Structures are given as structure tokens and as C-alpha cells.
Amino acid sequence: MQFIKRHANSILLCLFEILVGILLLINPAKFTVSIVTAFGVVLIVVGLISLVEYFRMGPVEAASSQSMFKGLLALVAGFFCAARAEWFIAVFPVLAILYGLAVLVAGLVKIQWATDLIRLKLGRWVLPAVSAVISLICSIVILSNPFGAAMALWIFTGVSLIVEAVLDIISLVMVFAQGGEGAAR
1 MQFIKRHANS ILLCLFEILV GILLLINPAK FTVSIVTAFG VVLIVVGLIS LVEYFRMGPV
61 EAASSQSMFK GLLALVAGFF CAARAEWFIA VFPVLAILYG LAVLVAGLVK IQWATDLIRL
121 KLGRWVLPAV SAVISLICSI VILSNPFGAA MALWIFTGVS LIVEAVLDII SLVMVFAQGG
181 EGAAR
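Going by our numbering, the first residue of the sequence shown is number 1, and it counts up by one from there.
Read the hints as simulated data drawn from the structure, not as lab findings. Model, not experiment: these values are computed from the prediction. Cβ coordinates follow ideal geometry from the N, Cα and C atoms, glycine included. Treat the hints with caution; some may be incorrect.
What the hints assert, rightly or not - With beta-carbon atoms standing in for the labels, derived distance ranges:
| no. | residue 1 | residue 2 | range |
| --- | --- | --- | --- |
| 1 | Gln-178 | Leu-98 | 34 to 40 Å |
| 2 | Ile-155 | Val-60 | 51 to 57 Å |
| 3 | Ala-90 | Val-173 | 37 to 43 Å |
Start from the sequences and build out the full structure, keeping to the hints where you can.
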């Protein structure tokens, strides 16, 4: 139970990655459009709140807060996301490159994690190292974009999210079981 309390954020993030991976496998285009549309609605609400706050402030405070600008920007972005969610599917290759870069960074962090385990003589460094290698391979595949169809890349992304999240959870449990609580990230 103490393990779950200490690593709740990491575990929740891994579970969220697994859920997103599964949803991407079920219907990648619809899932993406739904997420972008929902994000647009949230931005619209945030924009409206910011505009209301602007007009409730005194003139001096309002002038320095830039709440009107922030509200208008959120509204424009929100309406764009809500009305043109399919546009994001069209620009998917750029988003895939950004995702590939994020996976690359995660792989580099995992290399340090595995190296830290070796240097701290905690053992059980193999699984984080394997996870790092998988992350690096996935990032290379994503960044080189060998897939002709964007949907195939979404499926690959879903599978890689699930595999990485499961490996990360197993790594956390193994490090905790060995007593390396301070080394777990």
C-alpha cells in the first residue's frame, strides 16, 4: 500500500498511457478528433472565464493582467480545435514527429534510470534498460516515419504506449520489491 501511495502519480500516468493506447487501437481517427474537440471546448470555457475575470477586475488590475488577451486567444484556439478537429489528422506527420521526440527523451531518461540502478548497485537494472532500448527504437521508427498511412502510425503509437507503460509499472514494482525506493522515479 505504501508503494501505491508513493508512486500514485507514476502509476496513474502509466494507466492513462495504457488507456490511450487501447483507445488508439480501437479507432485512432475518431479518438484523436474527440480529444481535440474536447480540448477545444475546454479552451472555450477557459477563454470565457478569463474574459469574465477581466471585466470583473478594476481598470488598473485588468490592464496589467492581460486577461482579455488570454481569454480571446483561448477562445480562438478553442473554436479552431472544436470546429476543425480533422485538421489535426491532416497534420498528423508533424504531431508524430513531436511524439517521436518525446519518446526519445523518455528513452534517454530511462537510460539514466538504468545507469543509476547499476551505479547504486541495486540490481534489477535490466528491465529499465530494455524499456530504454524499446523507447529509443520506437522513437527512431516514429521519426523515420516508414509507414505510408497515418492510421498505421496511430496503431503503432497505441501499441508502443501500452508496452512502455506496462514495462514502466513492472520496473517500478521490481525496484520497490528490491528495496531501492529512493532510486525509483
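Against the structure, the hints:
1. Gln-178 x Leu-98: 34 to 40 Å: Holds, since Gln-178 and Leu-98 (Cβ atoms, about 35 Å apart) stay within the stated range.
2. Ile-155 x Val-60: 51 to 57 Å: About 54 Å separates the Cβ atoms of Ile-155 and Val-60, which means 51 to 57 Å holds.
3. Ala-90 x Val-173: 37 to 43 Å: holds, 41 Å
In this structure, none of the earlier numbered hints is contradicted; all agree with it.
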